[in-house]
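Q: Protein chains in written order, with the working numbering: chain E, 134 to 456; chain D, 2 to 377.
Hints are computed from structural coordinates only; laboratory data are not their basis. Just so it is clear, CB atoms sit at the ideal spot from N, CA and C, and this is done for glycine as well. Among these hints, one or two may not hold up.
Pairwise CB distance ranges, derived in the manner of DEER restraints [claimed, not checked]:
1) E:Gly-147 with D:Thr-130: 22 to 30 Å
2) E:Ile-249 with D:Thr-130: 46 to 54 Å
3) E:Arg-202 with D:Asp-168: 56 to 64 Å
4) D:Pro-103 with E:Gly-147: 27 to 35 Å
5) E:Pro-253 with D:Gly-47: 37 to 45 Å
6) D:Leu-121 with E:Asp-199: 30 to 38 Å
7) D:Leu-127 with E:Glu-241: 23 to 31 Å
8) E:Arg-256 with D:Ile-171: 25 to 33 Å
Every beta carbon over 12 Å from chain D, so not counted as near; a handful from chain E, in silico [as the list claims (entries may be wrong)]:
9) Gly-184
10) Pro-204
11) Asn-231
12) Asp-243
13) Gly-250
14) Glu-258
15) Glu-294
16) Cys-297
17) Asp-302
18) Gly-316
19) Pro-317
20) Ala-365
21) Lys-368
22) Val-371
23) Glu-377
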Amino acid sequence: MSVLEVRDLSIRFGGLQALEGFNLDVNEWEIVGLIGPNGAGKTTAFNCITGFYKPDTGTVRYRGADVTRVPPHRKAAMGFGRTFQNVGMVKSATAIENLKTAQHAKIEYDTASGLIGAGPTWREEKQLEGRADAILDLLGLNAIRDSKVGGLSYGTLKLLELGCALATDPDILLLDEPSSGMGPEESEELGDRLLALRQEFGLTMLLIEHHVPLVLRVCDHVYVLNFGRLLAEGKPSVIQTHPEVVAAYLGGEAPEALEATQETEEDAALDAMTHAAVEHHAEVAPPARKRAAPRKAPAKKAAPRKKAAAASQEPAEPAEDAE
Amino acid sequence: MTATAETAVAAPPAGHAKGGPSLAGWLVRGVLLLPLVYFFLSVIPGSADLTERGTEWVVFALVGISLNIIIGYTGQLSLGHQGFVGVGAFAAAYSLTVHQVPFALSIILAIVVGGLFAMLIGFAALRITGLYLSLITLVFGITLEQSLFQQPDLTNGGAGQPAYKPDALIEPSRYYFFCLAILVVIVFIDWRLTSTKAGRALFALRENERVAAAFGINVTAYKLLAFVMSGAIAGLAGALFAFKSEQVTGEDYDFFLALTFVLMVVVGGLNSRFGVLVGAFLFSRIGLDYAIERFHWIHELLVEGFLFVPGFGEERIQFAPRLIGAFLLLLTLLQFPGGIAQQLRPFTRWFAGGPFSFKHDVDGGPGTVEGSSVRA
Chain E
134 MSVLEVRDLS
144 IRFGGLQALE
154 GFNLDVNEWE
164 IVGLIGPNGA
174 GKTTAFNCIT
184 GFYKPDTGTV
194 RYRGADVTRV
204 PPHRKAAMGF
214 GRTFQNVGMV
224 KSATAIENLK
234 TAQHAKIEYD
244 TASGLIGAGP
254 TWREEKQLEG
264 RADAILDLLG
274 LNAIRDSKVG
284 GLSYGTLKLL
294 ELGCALATDP
304 DILLLDEPSS
314 GMGPEESEEL
324 GDRLLALRQE
334 FGLTMLLIEH
344 HVPLVLRVCD
354 HVYVLNFGRL
364 LAEGKPSVIQ
374 THPEVVAAYL
384 GGEAPEALEA
394 TQETEEDAAL
404 DAMTHAAVEH
414 HAEVAPPARK
424 RAAPRKAPAK
434 KAAPRKKAAA
444 ASQEPAEPAE
454 DAE
Chain D
2 MTATAETAVA
12 APPAGHAKGG
22 PSLAGWLVRG
32 VLLLPLVYFF
42 LSVIPGSADL
52 TERGTEWVVF
62 ALVGISLNII
72 IGYTGQLSLG
82 HQGFVGVGAF
92 AAAYSLTVHQ
102 VPFALSIILA
112 IVVGGLFAML
122 IGFAALRITG
132 LYLSLITLVF
142 GITLEQSLFQ
152 QPDLTNGGAG
162 QPAYKPDALI
172 EPSRYYFFCL
182 AILVVIVFID
192 WRLTSTKAGR
202 ALFALRENER
212 VAAAFGINVT
222 AYKLLAFVMS
232 GAIAGLAGAL
242 FAFKSEQVTG
252 EDYDFFLALT
262 FVLMVVVGGL
272 NSRFGVLVGA
282 FLFSRIGLDY
292 AIERFHWIHE
302 LLVEGFLFVP
312 GFGEERIQFA
322 PRLIGAFLLL
332 LTLLQFPGGI
342 AQQLRPFTRW
352 FAGGPFSFKH
362 DVDGGPGTVE
372 GSSVRA
């Protein structure tokens, strides 16, 4: 059974059809990428999935249950951890306070006993702090423990935000451009981290990402959105040569795309895609790195996909919370 | 921005010296606090005049804590807090005098009624924020003042609803201690509010409701909770005020009172319990008013000398405190956004077991409301 199953999702904002007939599946232990040009509806899809927007039509199923109309805070409690495009944290609070705030849904004492200072609340507050410190350890962010979030650099913020999403003790992690604001090395490190987190916590992930090497490296499956519609889906290696995808990123029509099938992986298409990516992310990575990454990616890709298939048969061992 | 972050990273947090001060250090702090304890537990109850003023300070402090929940923790501005205090006062007086309910029950009723009225504003606050919500609270307070507080049933035909204390509390100093004990309880609750999940939830949704929701915080419930708590504490303050003056009239709860409340919280220091207590002290009749009455030259200097306003007699002596209050507000808004609490922070930090330094702490000071750029 898939962890997340999105069917026929549509939402309209005034005259703009932001999403139309969007389908998506995320299986246990998979890392699924959601890519597409700016304004394609990726974040809108995230907001529909996490309950911030109410879709006009369509359903979102989480482990078989219909959660389309479940409000965001209850989704967070169910196991949806998410990050935001422009960093979602409490800026005037410190890092440790943010990590404690993020554990809100996991706190066992109720609000009233917190107010009267009942015994268990003090103990649990200590535990919260311990868990928050463990996450700081895990991400190597101990140095900023008591710094206000508002003054941190963007890359650090994105990492800490990932920590906050982890602090919500998620089952599925939805990351909105986790590598934005990071240099090539940092984003490579992020890729390692995401793979390690999946391993360690048994996480399933859905990520919006523009950084192509990262997508190729970590994603088992990729969905491409364009103008609110699903343009293509498939393995990253297939997607990167998909003529329509290439056309969408480059702009304009791709006449041969219409009859082209997924098998026609011609060097020309690959080069076009790579060039598109390079142009798109010229500020993020030097071209040389871009060319190298796609070539070695397919070989690497096969393994996690199989692992995911295996994991879906025998349930992943429940990863214990960092204590 | 990055510079502050780097210095913060480079310097290990000095305030977190493990273990804090030694036993002797705590003793010194305790001894230095003794005059304050002596003042509140002995000097004030020792004089009839000061007891009366001191009780008013306690009531103001309760209102301040109540108002701070809305202005400080949720980031909204209430200009109708005299309304909540007023309904509490009338609820207590009316239920006790007309319906003969016991004293304790009348106070509980005041808390409940205050909370319910604030819940109405809370529902508005779910959809409306900022300036328009302030406007709603303003209209709410003035409407209550002009309609409900003028009902002959409630006001005993306009003469004022009597609210007599039970025999055990008739002694003013006893009533002062009674109120002080309640204040201690409310300060404790407020402290636990800010250090448990409810307080963190409020801070999160003050800045960004989407982020709060993503953290699993029920935005609707916590917003309502903040307003209900604030209203309940204001209602309690109203009841205590009613029993202090033993007479409740609508005129006691006019708009000027709401302004004084906002003034004392802002000047005292938003988001700071200590600041609110100091602000309440300053703006109740034990603070500026008392100082000016005791030291008449302040009044002469400010009003007659400095401003050349002649002929202001004894009955207009309130003019000077208002002038000083307005000046302090300007000073706070322009120069010291953290209010008095921010200025006294080196001392309060030291008394709380931290190191003594006049440096402003970049981190851990009273939280300031910052705009957030999250678009989601």
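Q: Does each hint fit the structure? Answer for all of them.
A: Now for the hints, and whether the structure bears them out:
1. Between E:Gly-147 and D:Thr-130 the CB atoms are about 23 Å apart, so this pair conforms to the stated range of 22 to 30 Å.
2. Checked against the hint of 46 to 54 Å, the pair E:Ile-249 and D:Thr-130 fails, with Cβ atoms roughly 29 Å apart.
3. Range check, E:Arg-202 to D:Asp-168: Cβ separation about 58 Å, and the 56 to 64 Å hint holds.
4. Between D:Pro-103 and E:Gly-147 the beta carbons are some 59 Å apart, a value that contradicts the proposed interval 27 to 35 Å.
5. One distance hint, 37 to 45 Å for the beta-carbon pair E:Pro-253 and D:Gly-47, holds here, with the actual separation near 42 Å.
6. For D:Leu-121 paired with E:Asp-199, a C-beta distance near 35 Å keeps the hint of 30 to 38 Å intact.
7. D:Leu-127 and E:Glu-241 have their C-beta atoms about 27 Å apart, which keeps the hinted 23 to 31 Å range intact.
8. Checked against the hint of 25 to 33 Å, the C-beta distance between E:Arg-256 and D:Ile-171 comes to roughly 44 Å, which is inconsistent with it.
9. Non-interface call for E:Gly-184 relative to chain D: violated, since the shortest CB-CB distance, roughly 8 Å, does not exceed 12 Å.
10. In this structure E:Pro-204 is not separated from chain D by more than 12 Å, as the shortest Cβ-Cβ distance comes to only about 7 Å.
11. Distance check for E:Asn-231 against chain D: the nearest CB is about 8 Å away, which does not clear 12 Å, and the non-interface claim fails.
12. Listed as outside the interface, E:Asp-243 is inconsistent with that label: its C-beta sits roughly 9 Å from the nearest C-beta of chain D, within the 12 Å cut-off.
13. Not every Cβ of chain D is farther than 12 Å from the Cβ of E:Gly-250; the closest lies at roughly 5 Å, contradicting the non-interface assignment.
14. With 12 Å as the threshold on Cβ separation, the claim that E:Glu-258 sits away from chain D is violated: the shortest Cβ distance comes to roughly 7 Å.
15. Residue placement check: E:Glu-294 does not keep its beta carbon more than 12 Å from all beta carbons of chain D (closest about 9 Å).
16. Look at E:Cys-297: its CB is around 7 Å from the nearest CB on chain D, not clear of 12 Å, so calling it non-interface is violated.
17. A beta-carbon of chain D comes within 12 Å of the beta-carbon of E:Asp-302; the shortest separation is about 9 Å.
18. With a minimum CB-CB distance of about 15 Å to chain D, E:Gly-316 clears the 12 Å threshold, and the non-interface call stands.
19. The beta carbon of E:Pro-317 is kept farther than 12 Å from every beta carbon of chain D, the shortest such distance being approximately 20 Å.
20. No beta-carbon of chain D is positioned within 12 Å of the beta-carbon of E:Ala-365; the least distance is around 26 Å.
21. Every CB of chain D lies more than 12 Å from the CB of E:Lys-368, the least distance being 30 Å, so the non-interface label holds.
22. Remark: the non-interface label on E:Val-371 is consistent with the geometry, its nearest Cβ contact in chain D lying 31 Å away (cut-off 12 Å).
23. Once the 12 Å rule is applied to beta carbons, E:Glu-377 is consistent with being away from chain D; the minimum gap is 28 Å.
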